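Read top to bottom, the protein sequences are chains A and E.
Taking the working numbering, I'd label the letters of the first sequence as residues 1 to 534.
Taking the working numbering, I'd label the letters of the second sequence as residues 1 to 389.
Any given hint could turn out to be false.
As the list claims (entries may be wrong) - Derived pair list, reagent style EDC-like, types lysine to aspartate or glutamate, alpha-carbon separation capped at 16 Å:
| id | chain 1 | residue 1 | chain 2 | residue 2 |
| --- | --- | --- | --- | --- |
| 1 | A | LYS327 | A | GLU354 |
| 2 | A | LYS274 | E | ASP57 |
| 3 | A | LYS327 | E | ASP44 |
| 4 | A | LYS274 | E | GLU31 |
| 5 | A | LYS327 | E | ASP57 |
| 6 | E | LYS286 | A | ASP387 |
| 7 | A | LYS342 | A | ASP387 |
To be verified - Using C-beta positions, here's what the derived DEER-type ranges look like:
| id | chain 1 | residue 1 | chain 2 | residue 2 | range |
| --- | --- | --- | --- | --- | --- |
| 8 | E | LYS197 | A | LYS327 | 51 to 59 Å |
| 9 | A | LYS327 | E | TYR357 | 21 to 29 Å |
| 10 | A | ASP221 | E | GLN26 | 47 to 55 Å |
| 11 | A | LYS407 | E | VAL258 | 18 to 26 Å |
| 12 | A | LEU494 | E | THR4 | 20 to 28 Å |
| 13 | A | ASP409 | E | LEU72 | 44 to 52 Å |
| 14 | E | TYR357 | A | LYS181 | 17 to 25 Å |
| 15 | E | TYR230 | A | LYS274 | 46 to 54 Å |
| 16 | E | GLY52 | A | THR403 | 45 to 53 Å |
| 17 | A | LYS274 | E | VAL258 | 26 to 34 Å |
| 18 | E | PRO262 | A | ASN97 | 34 to 42 Å |
Simulated from the structure, these hints should not be mistaken for lab results.
Everything numeric in this text was worked out from a predicted model, so none of it was measured.
Beta carbons: idealized from backbone N, C-alpha and C, even for Gly.
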Amino acid sequence: MASIRQRHTFIVHSQFRDTADTLDLSKHKLTLNDVPGTRQDRLTVTTDHLKERGILQAVDNIRIEIVSRENFAHITPFNRQLAWGTHINVVPTEIFNWNGFCKWIQSSVNSEIACIGQESFIELPYGYYLHSPYTDSSQLLSYIENYYSDAKKEDIVAEVEEASTSSYISLSLNKNSTDKKTAGRLIAEAYWYYGRWTKTVKAGGPDHRVEVGLLGKIADDPQGELTYGGILAVIGENEQFVPTLFDFSPRHRSVYQPAVYYPDFRQPYGLHPKHLTTVLGDISPPRKKITVLDVGEENGEIDVSEATTSCGLYGYYVLPNFIFVDKYQVSDLADAQAGGIKRVVGIWGETDLEIPVWMVEKWGSTMLLELIPPEQPLLPGIMPQLDIEIPMHSRYEVPRWNTTVVKHDMPWPTLFWACNGSAESDMTTSPFDSNGLGHEYLFDPGTMFYYLHPNQTISNPANKTYLVTNLNIPVVPLEAYKYVQPWTVIVILLGCMWIFYKSFLGFRRDGGIRKASGVKPDKDKLDKKGPKTE
Amino acid sequence: MKLTTARLLISAALMRVAFFFYGVYQDEHAEIRFTDIDYFVFTDASKFTAQGGTPYDRATYRYTPILAWLLLPTTQYFWFGKLLFALGDIVAGWLMLRIFQLRGLSNDRALKFASVWLLNPMVATISTRGSSEGLLGAMVIALLWAVYEKQIVLSGALTGYAVHFKIYPIIYVPSILWALDSSPSILGNGILRWVNKDRIKFALSSFITFTTLTGAMYYIYGHPFLLHTYLHHLSRSDHRHNFSPYNILLYISASPSVDESPYPSLAFIPQLFISGIFLPLMLAKKDLAKTMFVQTFAFVTFNKVCTSQYFMWYIVLLPFYLPSSAMLKNKWLGIWGLILWTLAQALWLQQGFELEYLGNSTFFPGIFAATLIFFSVNIWILGVAIEDI
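This is chain A alone, in the form it adopts within the complex (with noise of 0.2 Å):
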């Protein structure tokens, strides 16, 4: 068994796969002229050639992922939909040092992620989980590279640093996986949605070797499998290329039918922004409930059950620290079916309702709600709109400079039915899914995703950036403090001799020291003398 295993999935038309000008193999190299597609790298490298140090020691599950703010696109087979930016989980094993694990962070990950220690960390149910809005994946790939002491490096460095210019990176390690293509391997992962492709992979060596698949889909069932095809080969064994078909399972897909969403704020807002997303198109699910019949084998009677396939439409919502959700008002919601929410599967994170974004140690937090897909058509196809609407409140910002506003960027979040297994499909894992730390984790296991399209002709093509919601949170200029301060002070002090002066001429007026009793009522007995007053 290789120790270290490269791999390069090129998603292509079947005209690029057959024509000798684009592809040449030989014995030590393949070289690629201009063949545009879809691609994905993977290096997998196995706990024993892995140079176990710190952190990777130190973890059971671990997995950071890199997710471009640039515009790409989800091409099957990888639909998996997360927000942007950079998302580490990890399964820490019992003692584990988290001042260290944030430094280490912020070495190998990004230098700019915030972190200081377990607090920065938010707890899922499955483990921990930090959302950073940084994209930069220059020191993550150098760690990447920094794992490859033979001779080998100087190729394997070439082919990383390609990655810095792809949509995703992956980087994880499952020690307890019981997938066993997966347990235990450091598996790094970048996918780029489309690339015309010139580049040359050399062969690998006896430890490393190194697959080039161009494929097709040739097949794809929505309620089964997915089938593709094309030619592989392994540089330095093969100096053919090796037709190949194979079938199967995946987990994560977009939904067949047209269903688009696009969220953003009601205008105007102020601290308590309501954020709606608009859902359009088919909102039908995409498995059918299926009936199983059963013939009794005693009686001969007739069962009829229902099928295990049963599909819920899920909303899952990454909110950094700036912004959050009164968990008691969003369960009333739930609780009157009200705002497109069905129930809230969980809120993880900073809930808290009352301090500033400068008080917060954690990242943000995170909300899972099961929605109400609506249920009758309009037209065929077409379902009335979904609108879900979640009251959130922004936190006190701190503040600054030259400014009375304080501008931040909030990820879209994900929309996705969630589907139980049905009785007859194979989970087998897709070869292309690292099947790593991250939102399935939240549903059991075999659970497959079908991902609702993010209407991305709304976002802001002339900003290169796509899936973001602008907030803008209001603060006070810092330039007020000079004015502030001494105004305050000035006013406080003349309101309290005010108070000294006019308790002074009271004091004066009855002759000062007077020693009546304040239990006696003698005081307003004047009144009934005095002159009326109403």
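Could you slot chain E onto chain A? The hints should help.
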């Protein structure tokens, strides 16, 4: 129709019933709820307590557990709490009338001035929205009534109870102690003559009541009780916008943008000195009830945080100040006082609305100026009242 005690109390009760039903309607049908968020905090806390937990399981519950206990019936009858608070209003009004009687005010005038509390729509709204201020008002009037009835031990116990509930009634302790002149000294002559029987009774009963209640709650609920009920109020950084003149100053100085400043601690000094030492010493012997009014008014005006619920703390004592007030003798003084007090709030509310619902940064100069203007109006009114006593 002649105003009688019975008619006044019944009208006050009917008014609250009407507001209550209106509140139920608004809760069901309108976008903005009538019931205050605090009511849900209290009832949730009661629910958690009934289920075997603690009231502190409910985030933002910052009161004594006794309140959650008192509201345990809300687990069966959700609106019980509002009933209790509205009843508190009425009891406060009734005891107010008893105090007026002891002070020798004519019944007619007493009823009129008590209406300032009993028939006040602002007061009725606050209780029927589910804020506990009405209950507190009843406690404060009760402890004052006990002093006038010469039930000193009872008064001390009620004071201890009130301080356990809300901390601020501690400012009444110096006033009452100072005012209790009339009983014989037990420590001979000279400066120690000041220590008389009544003062000892009051000090002991309030101290014992407070420590017993607080000790019992600590024994049952431990550190969370101390933290949420008391420590929170001492160390809270009320950076969110409110009426206090310190609001913007504390917002900026609490943030990491500026170095640590002494303002949060310094702000206690004028407040505690004026409301807890100066005013009691100057005025308590002249008129205890009026002193308590100006003390409370000063306490709220100089507080680091001020929301409209706090006004209830002094409005419950306002009827005692009014009978001989310069603001009634000089009609225009009174009218202007009320107008300016209301306008200053309206100014703040407008700036607050811009911020909270439209997202405009009105912190400076808007809210800052509005808080200082409101503070100034309050100081002016306070000055008039102090001179009056």
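So, going through the hints one by one against the coordinates:
no., hint, verdict
1, LYS327(A) to GLU354(A), "13 Å, holds"
2, LYS274(A) to ASP57(E), "27 Å, violated"
3, LYS327(A) to ASP44(E), "13 Å, holds"
4, LYS274(A) to GLU31(E), "13 Å, holds"
5, LYS327(A) to ASP57(E), "13 Å, holds"
6, LYS286(E) to ASP387(A), "65 Å, violated"
7, LYS342(A) to ASP387(A), "12 Å, holds"
8, LYS197(E) to LYS327(A): 51 to 59 Å, "54 Å, holds"
9, LYS327(A) to TYR357(E): 21 to 29 Å, "22 Å, holds"
10, ASP221(A) to GLN26(E): 47 to 55 Å, "54 Å, holds"
11, LYS407(A) to VAL258(E): 18 to 26 Å, "22 Å, holds"
12, LEU494(A) to THR4(E): 20 to 28 Å, "46 Å, violated"
13, ASP409(A) to LEU72(E): 44 to 52 Å, "46 Å, holds"
14, TYR357(E) to LYS181(A): 17 to 25 Å, "55 Å, violated"
15, TYR230(E) to LYS274(A): 46 to 54 Å, "36 Å, violated"
16, GLY52(E) to THR403(A): 45 to 53 Å, "50 Å, holds"
17, LYS274(A) to VAL258(E): 26 to 34 Å, "33 Å, holds"
18, PRO262(E) to ASN97(A): 34 to 42 Å, "38 Å, holds"
Hint compliance for this structure: hints 2, 6, 12, 14 and 15 are broken, all remaining hints hold.
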